[in-house]
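K.L.:
Protein chains in written order, with my numbering: chain A, 1360 to 2178; chain B, -16 to 126.
Warning: the hint list may mix true and false statements.
Said to hold, decoys possible - Computed footprint of chain B on chain A; a stretch qualifies when at least three of its residues, placed anywhere within it, have a C-beta under 8 Å from a C-beta of chain B:
1. 1412 to 1426
2. 1488 to 1500
3. 2091 to 2098
Please keep in mind that the hints were generated in silico from the structure rather than gathered at the bench. From the three backbone atoms N, C-alpha and C, an ideal C-beta is built for every residue, glycine too.
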Amino acid sequence: MTRAVVETIESVEHELGRYTGRSLPRTEDRRLLKGQGQFVDDTWMFRQGYVHFLRSPHAHANIRRIDTSKADALPGVYATMTAAEMAERCEPFFRIAPDPAARIVEYPLALKARYEGDAVAMVMAETRELARSAAELIEVEYEPLPAVVDAVEAADPRSPVLHEEVGSNLAWQGIYDYGDIDWALENADHVVRIERLHFHRFSSTPLECQGALVNWDLGTGQVEIVSNIQFPMFASQVMGPSLGVRQDQLLWRYQDSGGGFGNKIAMYPQVAALALISRKAGRPAKWTEYRSENLLSCGMGNERTFLDIEVPVMADGTILGFKLRAFDDAGAYLHYEPLGAVIWSQVTPGCYRFKHVHVDYTETMTNKCPTVPNRGYSRLQHLWMIERIVDTVARRLDFDPVQLRKQNYVQPEDYPYETPNGCVYDSGDLPGALDKALSLIDYDGARELQKRGSAGKRIGIGIGSTLDSGTNNFGQARIINPDLPFSGNGEAATVKLDLYGEIYCTLGTSPTGQGHETTAAQVIADILRVEPGDVRVNAGFNKEHSAYVGFSGTYASQFAVTGINAAIGAARRLRAEIIKVGAAVLGCEEADIVLDGGVASYRGDSERAIPLIGIANVVYANNAVLPPEIADSVSLNCRYVYRPPFQVPDPETKRGNLTLTYAIQVHACVIELDEETGQVRILQYGAVDDCGRRINPQIVEGQVHGATGHGIAAALHEAFNYSPEGQLLNANFYDYRVATALDIPELKTDHIESPSPFTPNGAKGMGEGGGAPLATICSAIQDALGPDAPLVSDSHNSSERVWRLLRGQESSHVDVSSR
Amino acid sequence: MRADGSLSVQASREVMWSRLSDPRELERALPAVEEVEVSDEDSFSVLVAPSTALGETPLWVDVQVAERREGEHVRLVCRGRGGEYDAELALEISLDGDGDADGCEVRWSAEASFNGILSALGQRVLPAILASQVEGVLRAAAS
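Bound-form chain A, shown alone (with noise of 0.2 Å):
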């Protein structure tokens, strides 16, 4: 058994402090408010033609013929193609999941269409508006076929089957068995069984739609591609095979992203269809994806079904694990799936001490939109069904809510702790942020609301706490196919001072909104010892920087991590660099030279002083007056790759430290419940986040909101919806609800500080805090329903099923058994 070891950190803390740690305003945020930021939309290539991706009208259907003769026709067209087109000119895309769903044949577009929405063909014309009416002229002879849009009945071999070649529709099945679940069981005082557990579908509609702009020059071989793709080099290793270039042919680059949330991950498949176009046409391709087509295809957060659930209680409340089947539905294909059949065990026993742990994973492919990264990526489904078993336990066998918490928590004192499947918990204090939680919402005034009633009305509390587990180590993706030559993580950042004494820094990330400019220079300037306004971030992502390694993108919660700690490393060599020519300079030792406010001078005698200007003057354009040994070992240009500590897990026993920090969200909030309607109104919601050393706490406070508002618009708006035979029926933001200002309550934060012991900053990476409002909400809606009311089974719970569960209409069986 591979026992988990995380590396001792050299703390870099003692470094910073000047600038980081304060709410600078953030330096994006000049140009974004003034109207003056780039986005994909903006930019625009000579000759450029756009394109209109004609997509399947049936969720599932053979293609018995496609012809594009009409469209071809048409002036101002310059180019179509279809599926089988492009079999002719790219290789299918690389698989992460292991035999039998590595035999799935996928090209940029769809030879069979399998979810509504599959785009089928594609048009480059004049206009964009050209292009969709040329679009409407191909014929496309369907076949249709039944669908199967249910991740328990895909699962079933008399279901139809998406991809042939799999034989089935199993993305991947597997077992994560921690400790002895059956002991446990066997030896409770009391087992809690739940029939039915149901994480819905969602999203999180960023502003700004994918798009991108692709040119493939025809001259060079290279393939411009400006894109706001959020995790380019990892589209980069799926496209390169593909299209049959090599890496340094395929050059990504953008400014501004108008948000991601992991849903820009796998947007690979259409920017290969754009480079294809753009060869054959000649021109360069761009595509603006309209927001209807973002809802119908852009990918979905994972919806998942909790069966058979399990859960072994001591009688003084110590919950001992759980025991269930779970289905996770991937949608049409696997674009970064199966990932997150792993992804979940980052976060194994949630918030608490739980031992014994059995999971009878399996993963379908159904005919709806293929899933995708989306905040919280596959642990907040996870974090939500332990938070209703603990809800459920606490109600079933009436145990005090905040008690059983506080109780089964992992404590304080156990950090670091170990998770049955190998994980190490960095730090924290569960029961203090619940405290603050508590009385952000005053939480003893409610009770006392809730005693008092009014007609017509009930009042509900909830407490929702999850984790926010931070910097993947990629090794975890060999749990699901140890065939795949991945493991750690990294990430890249170059600090260069420039011929005038500027400071410029490129990033590996491609920030969408969370201020990694104002932060990197925060960092930064405490290193160099200058102001954060003297040191330049690169906007966007740009490969050609070389600023990247294969991990580079924005996911995950890591760039706290990640990101900064390169930026940091980065910093830090050139800083020695300074001060190495500096003390040549000066005719003086290193350690002798004090680097502050721009200038090196000699400890104890300004007067005896260089510039940074000057640094870069003798490097640079002067280089003669250094003694060879001194201009040979500096380039005042560093780049530095910072890499987490990790080890390869085990594939066998599914164990090891899939993630490096966890940032620890507990909120609470009280709800008022019309019995007549079904309506939720939230009258306090209290959130208390732990990240870490907080670089930037305006920022973190943002995320924070931000996250908190994505949560309880999901929990109370926003699902998708689709009919038995797989009509997306609310690819629109009039029928899917997406929460304004006027659903967001006003929220009450507090923090708590815990610095990761296994970062080199303490900080820890944050953001994807998404899923604490849904346990929340449910568990108010819980407690507003009374102790006789059926179980709030489901994520997403519209006045509509509110209103059914007031009727005692919706139900997932509860039965308890004592010994």
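Position chain B against the provided structure of chain A, taking the given hints into account.
P.N.:
Frame of chain A, contents of chain B only:
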């Protein structure tokens, strides 16, 4: 999706029948018609381009008169196809009344299904829109 209704129109049964059973007359009553091709007295095709939240959503609709009881009842089966959406509609219209020249009663029922992006447009109000469109056509036919 199903919808049905009835309404009184200011046209005799004979007039209504002649307009509802004649594709060229019906063209006048149908909204957003751009083109009509008549194959025979029981089948014709129309290109309609109604404006929706997506902009113009052109549909080639093949209409088949599936059942006809002279002056009394007609059942139309319509299949429409756009690039990224299609629609099917089965519409039954019955004319009641004693032949009074001042008006007659029209009863109708429709069963419609949509595929593709059209299926998601205003899902909650689609039955009402369908009813409004059908009654609009009947009123236009009567005028």
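K.L.:
Now look at each hint and say whether the structure bears it out.
P.N.:
Verification of the supplied hints:
no., hint, verdict
1, 1412 to 1426, "holds (count 5)"
2, 1488 to 1500, "holds (count 5)"
3, 2091 to 2098, "holds (count 3)"
In the structure shown, no violation is registered for any of the earlier numbered hints.
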